[in-house]
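Peer 1: So the sequence lines, in the order shown, correspond to chains A and B.
Numbering-wise (the working numbering), the first sequence opens with residue 547 and increments by one.
Numbering-wise (the working numbering), the second sequence opens with residue 9 and increments by one.
Any given hint might turn out to be false.
Derived pair list, reagent style DSS-like, types lysine-lysine, alpha-carbon separation capped at 25 Å [what the hints assert, rightly or not]:
#1 A:K671 <-> B:K112
#2 B:K119 <-> A:K698
#3 B:K112 <-> B:K53
#4 A:K671 <-> B:K109
#5 B:K53 <-> B:K119
#6 A:K890 <-> A:K860
#7 B:K36 <-> A:K924
#8 A:K618 <-> B:K119
#9 B:K109 <-> A:K674
#10 B:K109 <-> B:K99
#11 A:K777 <-> A:K878
#12 A:K895 <-> B:K36
#13 B:K36 <-> B:K109
#14 B:K119 <-> A:K617
#15 B:K22 <-> B:K99
#16 A:K600 <-> A:K583
#17 A:K698 <-> B:K98
#18 B:K112 <-> B:K11
Chain B is nowhere near these chain A residues, computed Cβ spacing over 12 Å in every case [claimed, not checked]:
#19 T872
#20 E894
#21 G918
Hints in this document: simulated from the structure, not taken from any laboratory.
Think of the CB as a built atom: it goes at the ideal place given N, C-alpha and C, for glycine as much as any other residue.
Read off the chains here:
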Amino acid sequence: MENFSCPFIAYGDNALDYLAQIKGKKAFIVTDKNIVKLGLLKPVTDKLNATNIKWEIFDEVEAEPSLDTIKKGGIAVGKYQPDWVIGIGGGSCMDAAKAIILLLARPELEPEALSVLEDFNFRDKGKKLMAIPTTSGTGSEASWAIVLSDTKDNRKLGLGTPEVMPDVAILDPVMVMGMPPQVTADTGMDVICQAIEAYISSWGTSITAGPALIATRLALQYLPRAYKDGKDVDARKEMMNAAMMGGLSGCNSMFGLAHGTGHALGGIFHMPHGRTVGLFLPYTLEYIINGSEEALVKIAEIARYCGLNAGSDKECAKALIARIRTLAKEIKQPLSVKECGIDKAQWEKEMEGLVNRALNEVMTMTAPRVPGTEDLEKLFRYAYDGKSIDF
Amino acid sequence: MAKFFTQEWCDLYKEAINNSAAYEEAAKTWEGDFYFITEPGGPIKEKGYMYVDLWHGKCRGCEVVTDPDKYKPAFTLAAPYAIWKQISTKKLDSTKALITKQSKLTGDMAKVMRYTKAANELTNCTMTIQTEWLD
């Protein structure tokens, strides 16, 4: 049995108008202080006011939300007892909203337990989840995954359950127009990474492949435009669509080795998610095409679909990898770990932790070529120096 | 060739785990025992229990159990026969089976999620056993 989860998606100009159609009495908004400061809640709360839906804000979400923050959110939502939980922000806020609605249904659970092992049935209790992204990156609005930080162990926890796929995702370009270039670049690399990894994932199917393929092409085309001119509405819209499709495809097929290695880097050195996974993507694709014929064919398919028709499968795949590196350079993303400002001695000191974390990510296991300890160590060292993978 | 879910199969599984350097490396800090439970359905008429004791990269014991109260393992993993067969032959990933609720795990999920590689290697071990399936 395979299945495909998907929210109702309102998108494009004036997509926030969909809020006038929702039914309910109280909404609990999960966000961060920066979103509040930027005034991005106002278009949402204005619409909620117009439909007589009361609201309360929980704005304590930090980047890579910690288990403690989720616990606090769980207590606050329990007191408020809303019928809607609305995550507004980047992946962290939307993931936090997912965790918080699960705690609303099962307040006795610890945040670490918010997984497929439990039944939550929050919809049976009249609760619904909405996600409104203010970045174009994780696609969390169309995904049931929840990434939290275990700050005691410097580890990212991949949690979630298909039950927590948002009921509604609203993609309104007005919410992303003010995104600064650095955030546009970091999150945009995540889109490319998710889409490509979803397409080649060993869990992928023809149903998950479609959105992944389109998301890759859109992101390669529109990310440079959105980065150069944040007011380019078409570019912003298409990047929102691409992010959503990347998330949708990825949560139904799982991501891959760039996420496994990127999470290890991010967990230890605390860097933005998109930057870390985007950094590893060219290296992990090189590793994969060196050892998996099947994946090589798929990567070549992506390349051709994106207009990179360079000849043989291998040449096409290499052209795609080269395009990713060129794009990363164009939008000022680091091409190696060294360029992230990480000291070599520190990198080597953390090697065992990096390898252990990457080895035990589900996303490493769903890559079409699964590395062992030795290959991962080499891959981390090559990525540090910016050396193409030749093994 | 050993019939699935028999003591003979358990002995071969234990041997396969203990011969796997990859499993030993991935599970060197793992401590926890399991009941692998086969739900009735298809050729399985009654619920079956297989006890597997995994400790620091080795399998200390693997046996078919008729009385489920014999052990109190830290984890249980239950699935119908058809799903076990798909997992054991790598037609279905064990994590995907959990996500799609085709199998059901009880125990400390957070702990299990930190040993994904080891779980994968355990499946690789089943692949080395010449299994006579029941259907």
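Peer 1: Each hint should be assessed against the structure and marked as holding or not.
Peer 2: For each hint, the structure was consulted:
1. Taken as a hint, the K671 of chain A and K112 of chain B pair is honoured in the structure, with Cα atoms around 24 Å apart against an allowance of 25 Å.
2. At roughly 15 Å between alpha-carbon atoms, K119 of chain B and K698 of chain A fall within 25 Å of each other, so this suggested pair holds.
3. Between K112 of chain B and K53 of chain B, the direct Cα distance comes to roughly 19 Å. Compliance with the 25 Å bound is thereby established for this hinted pair.
4. Our distance criterion of 25 Å between C-alpha atoms is met by K671 of chain A and K109 of chain B, whose separation comes to about 21 Å.
5. At roughly 32 Å between alpha-carbon atoms, K53 of chain B and K119 of chain B are farther apart than 25 Å, so this suggested pair is violated.
6. Pair hint K890 of chain A plus K860 of chain A does not hold up; C-alpha atoms about 32 Å apart against a cutoff of 25 Å.
7. Straight-line distance between C-alpha atoms of K36 of chain B and K924 of chain A comes to about 21 Å, which keeps the hinted pair within the 25 Å bound.
8. A C-alpha spacing of about 23 Å is found between K618 of chain A and K119 of chain B, which places the hinted pair at or below 25 Å, so the restraint holds.
9. The straight-line distance between the Cα atoms of K109 of chain B and K674 of chain A is roughly 22 Å, inside the 25 Å bound, and the hint therefore holds.
10. The straight-line distance between the Cα atoms of K109 of chain B and K99 of chain B is roughly 16 Å, inside the 25 Å bound, and the hint therefore holds.
11. The suggested pairing of K777 of chain A with K878 of chain A holds, with an alpha-carbon distance near 19 Å, which does not exceed 25 Å.
12. Of the supplied pair hints, the one linking K895 of chain A and K36 of chain B holds, its CA atoms being roughly 21 Å apart against a limit of 25 Å.
13. Restraint check for K36 of chain B and K109 of chain B: not satisfied, since their Cα atoms lie roughly 28 Å apart, outside the 25 Å limit.
14. This hinted pair checks out: K119 of chain B and K617 of chain A have alpha carbons roughly 20 Å apart, not beyond 25 Å.
15. Proposed proximity of K22 of chain B and K99 of chain B is supported: the alpha carbons are some 22 Å apart, at most 25 Å.
16. Between K600 of chain A and K583 of chain A, the direct Cα distance comes to roughly 21 Å. Compliance with the 25 Å bound is thereby established for this hinted pair.
17. For the suggested pair K698 of chain A and K98 of chain B, the alpha carbons sit about 35 Å apart, so the restraint of at most 25 Å is broken.
18. Simply put, K112 of chain B and K11 of chain B have alpha-carbon atoms about 24 Å apart, close enough for the 25 Å limit, and the pair holds.
19. Here T872 of chain A stays apart from chain B, with its beta-carbon at least about 33 Å from theirs, past the 12 Å limit.
20. The Cβ of E894 of chain A sits about 20 Å from the closest Cβ of chain B, beyond the 12 Å cut-off, so the non-interface label holds.
21. With a cut of 12 Å on Cβ distances, G918 of chain A falls inside the contact zone with chain B, its closest approach being about 7 Å.
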